[in-house]
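Residue numbers (the UniProt record's numbering), protein chains in the order written: chain L, 1 to 466; chain Y, 1 to 213.
No lab work stands behind these hints, which were simulated from the structure alone. Hints should not be assumed to be uniformly reliable.
Below, in silico cross-link-like pairs of lysine to aspartate or glutamate (DMTMM-like), each with a Cα-Cα straight-line distance of 20 angstroms or less [stated by the list, open to error]: (1) L:Lys-291 <-> L:Glu-72; (2) Y:Lys-78 <-> Y:Asp-62; (3) L:Lys-291 <-> Y:Glu-93; (4) L:Lys-291 <-> Y:Asp-5; (5) L:Lys-291 <-> Y:Asp-13; (6) L:Lys-369 <-> L:Glu-296; (7) Y:Lys-78 <-> Y:Asp-107; (8) Y:Lys-78 <-> Y:Asp-37; (9) L:Lys-369 <-> L:Glu-83.
Chain Y is nowhere near these chain L residues, computed Cβ spacing over 12 angstroms in every case [said to hold, decoys possible]: (10) His-378; (11) Glu-385; (12) Asp-409.
Small disclaimer: the values here were computed from a predicted structure and weren't measured. All C-beta atoms, glycine included, are put in the ideal place defined by N, C-alpha and C.
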Amino acid sequence: MTAAPPPPASGAPGPVAAPPKFAAAARVALADTALRSGLRGAAAAARERRSAFPEPADWEDLREAGRAIKDEALLNLDAHLEELERAVTEAGGTVHWAAGAAEARRIVTGLVRASGAAEVVKSTSAVTREIGLAGALARAGVAVRETGLGELLAQPGEDGQASYRDRAGGPSDDPAVLAEAARLRLRERFLGARVAVTGANFLVAETGTLVLLESEGNGRMCLTLPDTLISVAGIEKVVPTWADLEVLLQLLPHSSSGAPMTPYVSSWTGVTPGDGPREFHLVLLDNGRTKALADEVGRAALRCIGCSACLDVCPVYERTGPAPYGPVRAGPIGAILTPQLRGVERAAEASLPFASTLCGACADVCPVKIDIPEVLVHLRGRVVESRRHRPVPTPELVLMRGLAWTMSDPRRYEAALRRGTRWARLMSRGGRIRRLPGLLGKWTDARDLPAPPPATFRAWWSGRRR
Amino acid sequence: MSSRDEVLRRVRDALGGARGTHPAVPRGYARRLAGTDAADVPALFGERVAENRAAVRHVGADELATAVAAALWGREAKQIVVPADLPFGWLAELDGVRAMADRPVIDVDALAAADGVVTGCAVAIARTGTVVLDGGPTQGRRALTLLPAYHLCVVQAEQIVGTVPEALERLDPSRPLTWISGPSAAHGAGAAAPAGAEGVHGPRHLEVLVVED
Ligand code: SF4
Numbered sequence: 001m002t003a004a005p006p007p008p009a010s011g012a013p014g015p016v017a018a019p020p021k022f023a024a025a026a027r028v029a030l031a032d033t034a035l036r037s038g039l040r041g042a043a044a045a046a047r048e049r050r051s052a053f054p055e056p057a058d059w060e061d062l063r064e065a066g067r068a069i070k071d072e073a074l075l076n077l078d079a080h081l082e083e084l085e086r087a088v089t090e091a092g093g094t095v096h097w098a099a100g101a102a103e104a105r106r107i108v109t110g111l112v113r114a115s116g117a118a119e120v121v122k123s124t125s126a127v128t129r130e131i132g133l134a135g136a137l138a139r140a141g142v143a144v145r146e147t148g149l150g151e152l153l154a155q156p157g158e159d160g161q162a163s164y165r166d167r168a169g170g171p172s173d174d175p176a177v178l179a180e181a182a183r184l185r186l187r188e189r190f191l192g193a194r195v196a197v198t199g200a201n202f203l204v205a206e207t208g209t210l211v212l213l214e215s216e217g218n219g220r221m222c223l224t225l226p227d228t229l230i231s232v233a234g235i236e237k238v239v240p241t242w243a244d245l246e247v248l249l250q251l252l253p254h255s256s257s258g259a260p261m262t263p264y265v266s267s268w269t270g271v272t273p274g275d276g277p278r279e280f281h282l283v284l285l286d287n288g289r290t291k292a293l294a295d296e297v298g299r300a301a302l303r304c305i306g307c308s309a310c311l312d313v314c315p316v317y318e319r320t321g322p323a324p325y326g327p328v329r330a331g332p333i334g335a336i337l338t339p340q341l342r343g344v345e346r347a348a349e350a351s352l353p354f355a356s357t358l359c360g361a362c363a364d365v366c367p368v369k370i371d372i373p374e375v376l377v378h379l380r381g382r383v384v385e386s387r388r389h390r391p392v393p394t395p396e397l398v399l400m401r402g403l404a405w406t407m408s409d410p411r412r413y414e415a416a417l418r419r420g421t422r423w424a425r426l427m428s429r430g431g432r433i434r435r436l437p438g439l440l441g442k443w444t445d446a447r448d449l450p451a452p453p454p455a456t457f458r459a460w461w462s463g464r465r466r
Numbered sequence: 001m002s003s004r005d006e007v008l009r010r011v012r013d014a015l016g017g018a019r020g021t022h023p024a025v026p027r028g029y030a031r032r033l034a035g036t037d038a039a040d041v042p043a044l045f046g047e048r049v050a051e052n053r054a055a056v057r058h059v060g061a062d063e064l065a066t067a068v069a070a071a072l073w074g075r076e077a078k079q080i081v082v083p084a085d086l087p088f089g090w091l092a093e094l095d096g097v098r099a100m101a102d103r104p105v106i107d108v109d110a111l112a113a114a115d116g117v118v119t120g121c122a123v124a125i126a127r128t129g130t131v132v133l134d135g136g137p138t139q140g141r142r143a144l145t146l147l148p149a150y151h152l153c154v155v156q157a158e159q160i161v162g163t164v165p166e167a168l169e170r171l172d173p174s175r176p177l178t179w180i181s182g183p184s185a186a187h188g189a190g191a192a193a194p195a196g197a198e199g200v201h202g203p204r205h206l207e208v209l210v211v212e213d
């Protein structure tokens, strides 16, 4: 479940052209004024919805417990995964393991083919977007029916021409008319569906139980009506015990909407004769998660329970929207998770840890206490480090080395300050510097610089002493 | 090496020396209701159900059949479905409403065409205004409460617990559970969903009858 609009689906398994850096993609998003005001409205509305509900008196205790539960799960992940596999299998389910996205796509496509179904119904989930499942199924000749209302309204019509909104019931913007049309149309999809694909919010190792939270009920449809249910989940979704849900089922609803409970919470353990699917498959996905797990600081990102609270308070996300973050996850959590899952070799991922002002609002709201700014700073270090070993040093590195040389000697530093102050005052207009020269210009791409005062603090201090 | 072994090997390598540490889980959060909330649990439950945009009524055991009939009449329900083991007494006062029991199993088209469904529940949670169904007595299978447009749920006072931790203690994880806190909503759909477009999938209307003696 996520309260945020999803990033655009990435259908292609590997991008043909390298995705743009965050700043480049963000510039496109920022130029779109309609998008910007929509996003501001959405984030503000989400904040307002949340603040309409009081914070539980024991909120801080719940957060501490949530953090520890997820840490326990991660630090013993191998044992919990094996326990989960045993429990799901005993309850009549089948567990599949996917080391990467391509393997996960192959497994799901193979299962759908084996069922003989020509179409699947699918409920929105971050992980299926991450692996580009919809595109893979479409290429395999399987029609993918998205079932979330948001996706339905945003999706172009199946014939690729008119959007759903245009065809829903004539030229109507009346929500009630649209909703009724959507209800009827989605019903058709569900009643005939034989295979469904969903995600899951939690996988309980002890009992083999999957848990899914949602507002609309399309998840319930997917996991109740078809004959075959395929759930895809990252390995970090494991929680050790059934009792741990008493914490997580309080943290997630409150953090995602403010309400004490999400409208629908479903849990299922394998298959139940006479109720729901006859066949259940769980696909456990690594796809870079073990790389994040190997980083002692970065692994905190795997505690994420996907509540979206950090997105709704993020000043950067509020302006850029989800698209610049790429297909994995958007907002502050995307900025720390995506580079870890996909590596920082390419500019798109390497730029993500820099897509933040480090204001810390995200860490304050995170229900599992992920210190997002700390991880951001740590990852920035990793990006710089990875560039250090390149045969040709990047401009940032040259600059940093130069700075280190200057700042390691007080005389060199003071001389540089004096020179810098004179230059800077020459460049400023109205007390602001809008553009630094040369390579330094990158830094002023997104911000103005106040012109320095005529005398530096050091100069003033030594003058005052005299 | 199978992918299973490969993933597990990667996990072990990634954790290195940290593997096998068990951080203490501080469980200082509230397990029970306290203060004024604890004084009248059914009342708190009723309030929270109402905050979840569901209708709620408190009735005595002897008024239940009348309340069920009145609720269905108010919704103009003509054709309803019920679990096969629903107590006959709950429906004793129906007038002009056809109730179809889920035995033999009702097909999905008929479920989708029904005006409503009447069930009991396994557990209810006061703090969150939630009813939990586990497929046990008076509840039927999951599709029954999913497809009809209206769900009337009967909650006995002794089924209501205060908190989420108490509910989990009572529930059996091996059963398929559905926690319902209000009718189907669309706000999860984000900016793309028009305001007011609600109840696209699950029941659009939820009504709860709390039976107290
Ligand atoms: S990082 Fe924390 S706040 Fe952000 S989505 Fe994940 S759990 Fe929620």
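Problem - Non-conforming hints, listed in increasing numerical order - result: 2, 3, 8 and 9
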